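Student: Chains as they are written, first to last, in my numbering: chain A, 213 to 335; chain B, 213 to 335; chain C, 213 to 335; chain D, 213 to 335.
FYI, nobody ran anything at the bench for these hints, they're computed from the structure.
Every value quoted in this text rests on a predicted model; they were computed, and no experiment measured them.
It is possible that part of the hints are untrue.
For chains that are exact copies, the list does not tell them apart, and a pair is met inside one copy or across any two.
Result set (SDA-like, lysine to any residue): computed pairs, CA atoms no more than 25 Å apart in a straight line [claimed, not checked]:
hint : residue 1 : residue 2
1    : Lys279    : Leu220
2    : Lys279    : Gly251
3    : Lys279    : Asp300
4    : Lys279    : Glu252
5    : Lys279    : Thr260
Number of protein chains: 4
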Amino acid sequence: MPAIGRRLWAIAEGYIPGESTGPEPAMTSHETICMLNAGETDAQVRITLYFTDRDPVGPYRVTVPAKRTMHLRFNELQDPEPVPRDTDYASLIESDQPIVCQHTRLDSRQAELGLITTIAYSE
Amino acid sequence: MPAIGRRLWAIAEGYIPGESTGPEPAMTSHETICMLNAGETDAQVRITLYFTDRDPVGPYRVTVPAKRTMHLRFNELQDPEPVPRDTDYASLIESDQPIVCQHTRLDSRQAELGLITTIAYSE
Amino acid sequence: MPAIGRRLWAIAEGYIPGESTGPEPAMTSHETICMLNAGETDAQVRITLYFTDRDPVGPYRVTVPAKRTMHLRFNELQDPEPVPRDTDYASLIESDQPIVCQHTRLDSRQAELGLITTIAYSE
Amino acid sequence: MPAIGRRLWAIAEGYIPGESTGPEPAMTSHETICMLNAGETDAQVRITLYFTDRDPVGPYRVTVPAKRTMHLRFNELQDPEPVPRDTDYASLIESDQPIVCQHTRLDSRQAELGLITTIAYSE
Numbered sequence: 213m214p215a216i217g218r219r220l221w222a223i224a225e226g227y228i229p230g231e232s233t234g235p236e237p238a239m240t241s242h243e244t245i246c247m248l249n250a251g252e253t254d255a256q257v258r259i260t261l262y263f264t265d266r267d268p269v270g271p272y273r274v275t276v277p278a279k280r281t282m283h284l285r286f287n288e289l290q291d292p293e294p295v296p297r298d299t300d301y302a303s304l305i306e307s308d309q310p311i312v313c314q315h316t317r318l319d320s321r322q323a324e325l326g327l328i329t330t331i332a333y334s335e
Numbered sequence: 213m214p215a216i217g218r219r220l221w222a223i224a225e226g227y228i229p230g231e232s233t234g235p236e237p238a239m240t241s242h243e244t245i246c247m248l249n250a251g252e253t254d255a256q257v258r259i260t261l262y263f264t265d266r267d268p269v270g271p272y273r274v275t276v277p278a279k280r281t282m283h284l285r286f287n288e289l290q291d292p293e294p295v296p297r298d299t300d301y302a303s304l305i306e307s308d309q310p311i312v313c314q315h316t317r318l319d320s321r322q323a324e325l326g327l328i329t330t331i332a333y334s335e
Numbered sequence: 213m214p215a216i217g218r219r220l221w222a223i224a225e226g227y228i229p230g231e232s233t234g235p236e237p238a239m240t241s242h243e244t245i246c247m248l249n250a251g252e253t254d255a256q257v258r259i260t261l262y263f264t265d266r267d268p269v270g271p272y273r274v275t276v277p278a279k280r281t282m283h284l285r286f287n288e289l290q291d292p293e294p295v296p297r298d299t300d301y302a303s304l305i306e307s308d309q310p311i312v313c314q315h316t317r318l319d320s321r322q323a324e325l326g327l328i329t330t331i332a333y334s335e
Numbered sequence: 213m214p215a216i217g218r219r220l221w222a223i224a225e226g227y228i229p230g231e232s233t234g235p236e237p238a239m240t241s242h243e244t245i246c247m248l249n250a251g252e253t254d255a256q257v258r259i260t261l262y263f264t265d266r267d268p269v270g271p272y273r274v275t276v277p278a279k280r281t282m283h284l285r286f287n288e289l290q291d292p293e294p295v296p297r298d299t300d301y302a303s304l305i306e307s308d309q310p311i312v313c314q315h316t317r318l319d320s321r322q323a324e325l326g327l328i329t330t331i332a333y334s335e
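All chains should be built: construct the whole structure from the sequences, respecting the hints.
Tutor: Laid out in structure tokens, this is it:
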């Protein structure tokens, strides 16, 4: 299988609504980074969050195993601190192996579903 | 007509909800890879699926004819095995000819429609 | 103002639902190519449509004037022929000047709105 | 932290609906540019708007501080003039430092939410 991806990614959009509607947990409002590590080596990933009016927080550390995907909800990040709700943020993802990142948001503040996705920015 | 596209694409997001609402089949929850082969030669395409906690599955094989588009629903992939519902996955698309890939998801778990799209990652 | 953009773009996703809900015309289901010509010269643009099981159709010809944007609805293309409804298609956009293309779909088949966008593929 | 981003971005899609539903201001229809400045130097940003049938307007000027993100609503731009509602536009973003731009639209014209995002075009 060919190696694919980059080691540095950014997602400029980030916002977890404080309220949700619908059955838990599938329909809880959430933001997700979908990461694919198609390579042969586990990827050590560091995530840093940026805010509007305070210093960056991080790194949050996760491992994406070789030949696996991880769909990580920002809601679940706890260390060094939970991601604040109702707050604009952005994220930077650094990996020691090539990975592919995609960003998805499910917004269930209203009964009507908002669902967005985009490929992250890489260089 | 100019050749356009790449031979290697990745979609890090993937999830087929187990439930749908609305008339079948147009409104069945589905994930689609839209592929365009604008060239003069049929493209032999191999799709591999990656999961969170088990080995990759594939390749699934399809042919995108010359000067045609194919909008392939992951729901319909059967060989080597159907794509599991309610399960996170990612996909890698390899083609022997340049193609363009775009990813679309229709989420009709709730009556309200969720519809997302993004250009896939290529290199 | 700096020149920005490319001369060749592709949108692999394309589908105009045959039904709509909501007030006309803002809420009619539609697919749009948003084109930006930030340069000093009018851009002559040729659009070709690709289908699943028949030959490509086109070119459709439009001019995007210098320092203007054009948000073109596929619904409104008539020459050489209207775009069929309820049919998968893809599109190739060729311009003689650098432009930027973005793809948006409003899906109002159900009362609930589906709205998607992505940057087109360029090379 | 590594520098990441580009100095020139374009968003070809732009449209602020004149009507909204739902609680203000979170659910007011809006278009947002999410900008991330992960670098060590404040970024001076100039935004120019392009229209269908009149000359470009701008520049609008904002500063994205070092190590911060700014999620800027087009609704709030006032100088040199407010962004017209119910009008197609496109935008060009020039920065004197590398930044990452992402575009999000919340469409609440109908009770059902429309939410879109895409990475902007850069070069």
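Student: Each hint should be assessed against the structure and marked as holding or not.
Tutor: Consistency of the hints with the structure:
1. Lys279 / Leu220: both (19 Å within a copy, 16 Å between copies)
2. Lys279 / Gly251: Classified as within; 6 Å inside a copy, 31 Å across copies.
3. Lys279 / Asp300: between (32 Å within a copy, 14 Å between copies)
4. Lys279 / Glu252: within (6 Å within a copy, 34 Å between copies)
5. Lys279 / Thr260: The answer is both: 24 Å in one copy and 11 Å across copies each meet 25 Å.
Hint check: no violations occur; every hint is consistent with the structure.
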